[in-house]
Amino acid sequence: MKNITNKMRGKQIFIPIVALVLLALFNLIVDPSFYKVTMDVNSAGNPVLSGYLITILDYGSELAILAIGMTLVTAASGGQDISVGATVAIAGSVILRVLCGTNSRPETLQAPVIVAFLVACLAAMACGAFNGLLVAKFNIQPMIATLILFTAGRSIAAWINNNELPVISEESFGVYGGFIPGIPIPTPVFIMLICVLVTGLALKYTNLGLYTQAVGINASSSRLNGLNPAFIKFLAFVILGLCVAVVGLIKVSRLSSINYSVIAKDIEMDAILAVALGGNALSGGKFNMAASILGAYVIQFLTTTLYKFNVDSAALSAYKAVVVIALVVSSAPVVRKKFAGLAKKLKPQAKEVA
Amino acid sequence: MKRKIVSVLLCSAMVATMAMGCGGKEEPAEEAKDGGKDGGLIKVGIINNDPNESGFRTANDKDLKEMFTKENGYDASFAYSLKNDEQITAAQKFIQDGVDYLLLSAADTSGWDSVLKDAQDAGTRVVLFDRTIDADEELYEASIVSDMKKEGETAATWLKDQELSEYNIIHLQGVMGSAAQKGRSEALDVMAKEEGWNIVTQQTAEWNAEKAQQIVQSAIDAGQKFNVIYAENDDMAKGAVAALDKANMSHGVGKDVVIMGFDCNKWALEELLAQNWNYDGQCNPFQAKYIDEVIQKIEKGEEIEEKTIVMEEKGFDATTITQEDVDTYGI
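If you read the sequences in order, they're chains A and B.
Letter by letter, the first sequence follows residues 1 to 354 of our numbering.
Letter by letter, the second sequence follows residues 355 to 685 of our numbering.
The set of hints was computed from the structure by calculation and includes no laboratory data.
Glycine is no exception: its CB is placed at the ideal position from the N, C-alpha and C atoms.
All clues stand as given, with none of them false.
EDC-like, lysine to aspartate or glutamate: derived pairs with alpha carbons at most 20 Å apart:
no. : chain 1 : residue 1 : chain 2 : residue 2
1   : B       : K620      : A       : E107
2   : B       : K579      : A       : D40
3   : B       : K654      : B       : D454
4   : B       : K547      : B       : E507
5   : B       : K547      : A       : D312
6   : B       : K620      : A       : E170
7   : B       : K609      : A       : D40
8   : B       : K620      : A       : E164
9   : A       : K265      : B       : E407
10  : B       : K419      : A       : E164
Ranges between beta-carbon positions, derived for each pair:
no. : chain 1 : residue 1 : chain 2 : residue 2 : range
11  : A       : G226      : B       : N602      : 58 to 68 Å
12  : A       : T108      : B       : N602      : 17 to 27 Å
13  : A       : F26       : B       : K609      : 34 to 44 Å
14  : A       : W159      : B       : N426      : 24 to 34 Å
15  : A       : L22       : B       : E420      : 54 to 64 Å
16  : A       : Y35       : B       : E420      : 53 to 63 Å
17  : A       : A314      : B       : Q629      : 32 to 42 Å
18  : A       : S43       : B       : T486      : 36 to 46 Å
19  : B       : V607      : A       : A111      : 30 to 40 Å
20  : A       : V21       : B       : T463      : 44 to 54 Å
Please put together the full structure from these sequences, using the hints given.
As structure tokens, this is what we get:
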């Protein structure tokens, strides 16, 4: 056991794991029924698993998918995209627009879901490309560049559907945010697994990860080494756009409808937080994808825990803030060095990544 | 050189956002100026919140646009913003343009004194709609508002009249501190205390369907017993229903869980018509009729007796709602 902790300590993924374990222990001590998972039947007559853990997996998956893209953007550009919430609204709006055609309450779907999804992918990637162009080509700081879509995105989303509120009555559309008939695990989990698998393969078999980190650490020297930093940054934003489209599909599928002003509200902050909780430097450079993804689930774990304990509405964000501060401070390099120093005193520590 | 390009780009980006955010929607003032020549027409400047804000606002804007037309004897200019300072700038411009009436749905309650004094000096009459402001009553002619507390009371009374054998309520609140949340929450709190109802969960879902879904999901996961969902808007009620469907809990008329919503979105009233929900309280966005009455009275030289005009607002019951109601009151 000691061996494992020693091995882990130097690693980045240590931070979200510790956070997750702490939250899990807290719940275990206060109320073990938190971990109860039961098999029920939903109103459509299909078996579904339910329980807090399933809820965390279900809702955390959206955030995990966004965290993938956000990690790449952070690593490559040394900044964050704050427009993801607004572009989720755009992607969702596009999906509904294609599915509904001109009538906002169609009896049947006007186009296959896959077509709608692909169009949404194009739209979201175009938004990402727009951000990427500003950042990579014109060297605008990411937060400023993405401020444009952050401000205008929701209006654009509303405009795409002529400011109407489409509602889809076709039940099969609910599959992507709900359950596939006969399979008791929420679909978003599978979608997340596919995204993680694709990302994992891309990082393993292409130079994406290496190049991204190289550009993030030092753009000029990576250019001298024959990379094109502008293109790598651009690519990171486009990939984030793709992640946004996937989340958009899950979000609109959950309710078969959309509310432009609140859909995926503040999700960009959670996504950035997931990256930070994963111990990644928000100034770019090296990154650990698995840690970010885990960070996303930590955030959802925290949210669900707060809901469970029925924290007073007005105080909810304050509680969240306290926990987040504690987590982020404890993962700050200064504090980690202190901890490492303490550990060294107890036992000489050979491996420590600065 | 590069820096220059960046700063130029930044500036243009900012201008572009501003144009998208507000300027783009402001209708040209020239129209208002020409209006003076037509004689007879009453010039009104309307300052509203962004119609994209919500379905309520969209319906509100549409209603105003239908009322204040040339056919009805008005020459209207519109300005939209969710920001108080932008609204004040727009108000100053309208006053300079010499509008007869300034119709205002303020983004923020404070900061309006000086501009309303300017309006008074310029002989511009001010009518507030939808939102009140912290200013001397002398500065405006009338204020047309919804009584959120009354909406809540109507709903709570309806719930009481259902005479359920027990009341275990999940209360989904709007954004804390907003007028709608305060009014609708207070009414339920008071009634629950009087009647001894049990409020299982009381949390803010911030008008957000997804959050509402998570809160109700959490209550279900915890094995809590409840038979009423009191959601302070339709979106949150929809989110709650999605969670119930997942857990196979029946809802609607004669079913296990009573669903209550607010705002009377068309799709929500259709849920009522299908008896999937039980109750929907109106928050009346059709204010143009009331504003028109006030203006006509002033034009005739009559006095406005009551400065604060509270609109009539209904509550719909799933057992009595008709298709006609859906078409008339759905927003």
